[in-house]
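The whole structure should be built from the sequences, with the hints applied where relevant.
Protein chains: 2
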Amino acid sequence: MKKVRVALLGLGTVGTGTWKILRDNGPMIEEKAGCCLEVARVLVKNPEKKRAVELPEGILTTDFESIVADPSIDIIVEVIGGIEPARDYIIRALQAGKQVVTANKAVLAQHGSDIFAAADAQRRTIKYEASVCGGIPIISALQQSLLSNAILEITGILNGTTNYILTRMTESGKDFDTALKEAQGLGYAEADPAADVMGVDAANKLAILAYLAFGLKLDVKSIQTEGITGVTQRDIAAAREADFCIKLLASAKKINGTYRLKVCPEVIPLNHPLAGVSGVNNAVLVKGNAVNELMFYGQGAGEMPTGSAVVSDIIALALQVA
Amino acid sequence: MKKVRVALLGLGTVGTGTWKILRDNGPMIEEKAGCCLEVARVLVKNPEKKRAVELPEGILTTDFESIVADPSIDIIVEVIGGIEPARDYIIRALQAGKQVVTANKAVLAQHGSDIFAAADAQRRTIKYEASVCGGIPIISALQQSLLSNAILEITGILNGTTNYILTRMTESGKDFDTALKEAQGLGYAEADPAADVMGVDAANKLAILAYLAFGLKLDVKSIQTEGITGVTQRDIAAAREADFCIKLLASAKKINGTYRLKVCPEVIPLNHPLAGVSGVNNAVLVKGNAVNELMFYGQGAGEMPTGSAVVSDIIALALQVA
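Keeping their order, the protein sequence lines are chains A and B. If you number the first sequence the way the numbering used here does, the last residue is 322 and the count never jumps. If you number the second sequence the way the numbering used here does, the last residue is 322 and the count never jumps.
You can trust all of the hints, since none of them are fake.
A pair counts as met if it fits within one copy or between any two copies, since identical chains are not told apart.
Below, computed lysine to any residue pairings styled on SDA-like, alpha-carbon distance capped at 20 Å:
#1 Lys287 - Gly276
#2 Lys174 - Ser278
#3 Lys174 - Arg234
#4 Lys20 - Glu293
If you're looking for bench data, these hints aren't it; they were derived computationally from the structure.
Okay, here's the thing in structure tokens:
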């Protein structure tokens, strides 16, 4: 069995989860998938920093050039997040003939066209299951299992942080600020929560889903985006009174011949399939012209669920390489 | 673009759905998947029978030999159902070097080992997404997206007929016999409902899922199987009193080092993710050691959802062939 050599760019939450899964599930992956994955290098900013995982001597590096120039490395995994240097590293990895995995929704939503063009030009593959809804295999469903369908509509709860806040506001009567602080205390929201609570993170993910489902150009600016900062206890109480609840929904569908993409808080009946999706969970409803309605549900974030999607992408590429 | 030639064996519910999807979504499939699929032959018992779809002149045949011997046919799709001649045709198609798609859970659960051995011997692929839960892509999730995980547990509502009957018994207070007759009137249950109501159909599907998830030998006889014929209104009322409901669950998990597979009616709390799965819908909960809990939900039967899975399998094989 050929060893497939992998480099991780970044060792934050997702990178750490990816490392743990490859360490713990490696033998099982060898047996079930028939590929042997070795993490050869891990790019970090500060090699002296204390890490949650123990790494073999000499594996950490601060030098991207040495990774991209190493012909023994087959797959480069970008889990740095943010725009730069992630965008630059992804494109240069593809140009160097590497297969690439990313978990980075922001860079795809904003620079996906350039990135996919670079992959096409080099006949390389970039996989990005982890970029939308963590461990839920919605990307591969749209890329493979639903190719038989014209997709009519996608609606999802794509951001766990805002779903947690809305769930707490609903269940415990807390106001937005208190629920946000609670989410921050639990590590579900970042110190600067803007990208989540303003709906930008969900819009990035929706842009990726709409690209796959409808072939729309990745253009997050065209998505009508409203966050949850304006949702009050009064709104929630009024909804509940009528057996409804409030969820931050991301949706894409064709209306009168044009696609309408939006992210905004919506009032849905309690018997709606998405009404029961609580806490940090995510779910996506997909309507196809043959399959009718499918729902995919699970944890949309966290080191292990997101790492699960990253490792699945690594395996899929390794099976091409080996 | 190479034309990939497909033969359908059978033109019942699933065959008709497959035909309709290839007819209606063919141009979209060409554009999105980059493969051109042509149904070259359709095997039926009685070519004179009136059909729900109009077929081109000369496409119907009663002669399996002429299909399997035709070198221009790349993919053979078995949608006859039942054991024989389905088993024989599948194995002979593989031996003739064809790629094969089947929707047939019974033949896989009972003769899967022989069928997979025939495929391996010929280095051919047999795909069977439609055999479990219709249009829900649970097979490809286990074969691909979840390869990064050790699967810990699978629990599902795998049979739409029994779920419909239990839903009606719960919602309208009907007894088993009345709800069964209603299901038969709507086409959700067959004239001989034994395979569904005795749990055999769900056990067949569970055997396939356990084979994929745990590498267990396909052996439906080892599954402890109990149907829903013993469920009374009294059971349902008692469950509801305590905020529970009764569902026919198929489950597989490791207990004290050995796998326990069973199909039986179970009492679950109303806030359980499977409690909200009503009517003819199916759902599968999968627990992996990295991704934690995922749920897949949708229509588990019907010509279009099941046809959707068959056509996705055809596309995946066509992309290998072309």
